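Student: With this note's numbering, letter number 515 in the sequence shown gets 594, and the count goes up by one each step, no holes.
To be clear, the hints were calculated from the coordinates, so they are not data collected in a lab. Only a predicted model underlies this, so the values are computations on that prediction, with no experimental measurement involved. Glycine included, C-beta positions come from ideal geometry on N, C-alpha and C. A few of these clues could be false.
Under the rule of at most 30 Å between Cα atoms (straight-line distance), these lysine-lysine pairs were calculated in the BS3-like manner [what the hints assert, rightly or not]: (1) 250 with 309; (2) 222 with 309; (3) 511 with 424; (4) 128 with 309; (5) 250 with 222; (6) 128 with 250.
Here are the computed distance ranges between Cβ atoms for each label pair [stated by the list, open to error]: (7) 480 with 448: 24 to 32 Å; (8) 310 with 229: 28 to 36 Å; (9) 639 with 444: 38 to 46 Å; (10) 324 with 290: 17 to 25 Å; (11) 545 with 676: 41 to 49 Å; (12) 549 with 489: 36 to 44 Å; (13) 143 with 227: 40 to 48 Å; (14) 207 with 317: 47 to 55 Å; (15) 128 with 177: 37 to 45 Å; (16) 679 with 526: 36 to 44 Å; (17) 177 with 211: 42 to 50 Å; (18) 242 with 211: 14 to 22 Å; (19) 545 with 590: 25 to 33 Å.
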Amino acid sequence: MDRLGLVVVASALGMFVASAAAVTPGTCATPAFRHTDLPRAEVRGVDDKALRLQLLEAIGQAPGPPASRLEARRRASEAADKATAVLRSEGYYASAVEPDIGDGDAPAVFVTITLGARFTLMDPTIAWVGAPPDPDAAARARKAMALRPGLPGRAAAVIAAEGRIVANLQKGGYADAVAQSREVVVDYASSSVTPTFHVETGELVHMAGIDRRGHSRTQAAWLNRLAPWKPGDVYRPEDVAELERRLLETSVFEAVTVSLAPAADARNGRRPVIVSLADRPRGRLELGASYSTTEGAGVDSRWLVFNRLGLGDTITTTLQFAQIDSRLQTELSLPNWGRPNRVLKLTTAIYRDNTPAYDELAVGGSGDITIRYGATSFLAYGVSAETSETIEKQTANFVTPSHRRQLETLATLLSFTWDRSNDPLNATSGWKVTARADPTANFGDGPVDYLKLTTQVTGYLPIGGPDTVIAGRMKVGSILGGDIPLVPAPQRFYAGGGGSVRGYAYQAVGPRYSDNTPEGGISLFESSIELRRKIIGDWGAVAFVDAGAVGDRVNPDFRHPDIGVGLGVRYNLGFGPIRLDIGTPLQRRTGDASVQVYLSLGQSF
Numbered sequence: 080m081d082r083l084g085l086v087v088v089a090s091a092l093g094m095f096v097a098s099a100a101a102v103t104p105g106t107c108a109t110p111a112f113r114h115t116d117l118p119r120a121e122v123r124g125v126d127d128k129a130l131r132l133q134l135l136e137a138i139g140q141a142p143g144p145p146a147s148r149l150e151a152r153r154r155a156s157e158a159a160d161k162a163t164a165v166l167r168s169e170g171y172y173a174s175a176v177e178p179d180i181g182d183g184d185a186p187a188v189f190v191t192i193t194l195g196a197r198f199t200l201m202d203p204t205i206a207w208v209g210a211p212p213d214p215d216a217a218a219r220a221r222k223a224m225a226l227r228p229g230l231p232g233r234a235a236a237v238i239a240a241e242g243r244i245v246a247n248l249q250k251g252g253y254a255d256a257v258a259q260s261r262e263v264v265v266d267y268a269s270s271s272v273t274p275t276f277h278v279e280t281g282e283l284v285h286m287a288g289i290d291r292r293g294h295s296r297t298q299a300a301w302l303n304r305l306a307p308w309k310p311g312d313v314y315r316p317e318d319v320a321e322l323e324r325r326l327l328e329t330s331v332f333e334a335v336t337v338s339l340a341p342a343a344d345a346r347n348g349r350r351p352v353i354v355s356l357a358d359r360p361r362g363r364l365e366l367g368a369s370y371s372t373t374e375g376a377g378v379d380s381r382w383l384v385f386n387r388l389g390l391g392d393t394i395t396t397t398l399q400f401a402q403i404d405s406r407l408q409t410e411l412s413l414p415n416w417g418r419p420n421r422v423l424k425l426t427t428a429i430y431r432d433n434t435p436a437y438d439e440l441a442v443g444g445s446g447d448i449t450i451r452y453g454a455t456s457f458l459a460y461g462v463s464a465e466t467s468e469t470i471e472k473q474t475a476n477f478v479t480p481s482h483r484r485q486l487e488t489l490a491t492l493l494s495f496t497w498d499r500s501n502d503p504l505n506a507t508s509g510w511k512v513t514a515r516a517d518p519t520a521n522f523g524d525g526p527v528d529y530l531k532l533t534t535q536v537t538g539y540l541p542i543g544g545p546d547t548v549i550a551g552r553m554k555v556g557s558i559l560g561g562d563i564p565l566v567p568a569p570q571r572f573y574a575g576g577g578g579s580v581r582g583y584a585y586q587a588v589g590p591r592y593s594d595n596t597p598e599g600g601i602s603l604f605e606s607s608i609e610l611r612r613k614i615i616g617d618w619g620a621v622a623f624v625d626a627g628a629v630g631d632r633v634n635p636d637f638r639h640p641d642i643g644v645g646l647g648v649r650y651n652l653g654f655g656p657i658r659l660d661i662g663t664p665l666q667r668r669t670g671d672a673s674v675q676v677y678l679s680l681g682q683s684f
């Protein structure tokens, strides 16, 4: 103690820690104070509204007035203790708190507070326990502390700074860094708080390979390729988290645990990462059904086999019977193929399409690779080949006879998706851009080569919060190098239906032959705007306007679109909404119904 005043040294903060606990969110034993409740004690002498509310929350509420003067004094004493803890946590160490009660058998209970000066931070330091970290790591830890001298000496700020110091050291490779008892000097003469953090860093950790645990069919070589580090690299907790994310993203494991091995398991000064895997059941059967007023009924089944090859793979066999699309298809998905964040999909299928525009029977296969950049950006490229027989219309001498066409088609794919929306099934903010190019060559009856281009942009704008959202979409497409009728009917652009222009039937937008069969086109324009509003609970409503045009010229027709309007209902299932939309066309032509109904999962875009 010096001549200027009393200096209090508190190991582990003493009352400082208890004070912080009294006001840290989630640690207060009393419920949040509401102005309509009766406090256990009044607070007098504090004009600051925020501080006053903190004091009242700490003091808490009472079920009623005190039953006796003895109980009133007990309440006042307890309130004074809690108020003192709050004031200390906020830096008011020199405050005076006086408990008191009023007159009568059930007197008023109150505490009178004289705040005094608010103490400020001074010279926060880190004292290393044992060997210090390297100079760069020590400098980063001091910067992460982020306690500027002159700020209020709040206990919560001091404790948070200690957490930042330890987290920064661990991020820099000191995996065993831990805080020891901190020391805080409270100087009443200078109204200052001087914290000293005692931190033990341990040794800088270098990583070894992967130590696999559990029962899994996963191949060791494939698992080792997923590691975002090389043996000998300095430990980074984000590397461990990235490996866990890559494994979970495959969706073939029942449970995944990834953690750094303890120091006792180090080998040649390096510590392995322990990966515990539990495979999902080997197979799963999924059954589904669908119905649309324009696309008819359908049933489908999917048999999924997980991790059969030990490569995080999924084999999906689909058997589907529907009015428009019936198929038998097998797809092999190989995540992290060759390197992380790259997925290879190999697909074979035999299918029959019976659409208003054409009939097609085809068999083919495809292979494509999708590469993820960042969290939500994807580049995909691939190739496909198929042989098909189509029955399509073709105008001749003012009539439209059916024409049978046999083709072999070879196509390549290049697409890019940049997604900055906040939810793939129910976005309320952000945007998404998708661009795709399909160079295609057809051989057989009417050979033709062309380039098919499509681009779509969607955006979501919340109005006054996430309960009201304006959503917009625009899609354009062109086929370069081909024309009607050379471009096969299944490869043309069509519009109309639940995911296109609502109010119109499937493929009903655009030019038609004389018998009202959709012709399709070599250019496409679609746009939609929706006003989405949450009504009550999980229920919501939508008003929408869709527009679209299909043309026989390369440049999309923006001037003469078909327009559909309507209303919809949404019910949130937790992972996304189920939607029911009712739309009507504004320009009805022969064969167009006055109303179309669409039922599906997820928002329309």
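Student: Each hint should be assessed against the structure and marked as holding or not.
Tutor: Comparing the hints with the structure gives:
For the suggested pair residue 250 and residue 309, the alpha carbons sit about 17 Å apart, so the restraint of at most 30 Å is met. Among the hinted pairs, residue 222 with residue 309 is consistent with the structure: their alpha-carbon atoms are about 29 Å apart, no more than 30 Å. At most 30 Å may separate the alpha-carbon atoms for a hinted pair to count; residue 511 and residue 424 meet this at roughly 23 Å. Only pairs whose Cα atoms come within 30 Å are accepted, and residue 128 paired with residue 309 is rejected, the gap being roughly 55 Å.
Restraint check: the Cα-Cα separation between residue 250 and residue 222 comes to about 14 Å, which is no more than 30 Å; the hinted pair holds. Only pairs whose Cα atoms come within 30 Å are accepted, and residue 128 paired with residue 250 is rejected, the gap being roughly 39 Å. Between residue 480 and residue 448 the Cβ separation comes to about 42 Å, which falls outside the hinted range of 24 to 32 Å. Our hint of 28 to 36 Å for residue 310 and residue 229 is violated, since their Cβ atoms are close to 47 Å apart.
Separated by about 40 Å at the C-beta atoms, residue 639 and residue 444 satisfy the suggested range of 38 to 46 Å. Range check, residue 324 to residue 290: Cβ separation about 19 Å, and the 17 to 25 Å hint holds. Take residue 545 and residue 676: their Cβ atoms lie about 28 Å apart, and the range 41 to 49 Å is violated. The hint said 36 to 44 Å for the Cβ distance between residue 549 and residue 489, and at roughly 42 Å that hint holds.
The hint said 40 to 48 Å for the Cβ distance between residue 143 and residue 227, and at roughly 46 Å that hint holds. Judged by the Cβ atoms, the range 47 to 55 Å given for residue 207 and residue 317 is violated: they are separated by roughly 24 Å. The hinted window of 37 to 45 Å between residue 128 and residue 177 is violated, with their beta carbons roughly 21 Å apart. With their beta carbons about 38 Å apart, residue 679 and residue 526 fall inside the hinted range of 36 to 44 Å.
Here the CB-CB span from residue 177 to residue 211 is close to 47 Å, well matched to the stated 42 to 50 Å. Separated by about 19 Å at the C-beta atoms, residue 242 and residue 211 satisfy the suggested range of 14 to 22 Å. Checking the proposed 25 to 33 Å range against residue 545 and residue 590 shows it is violated: the Cβ atoms sit about 41 Å from each other.
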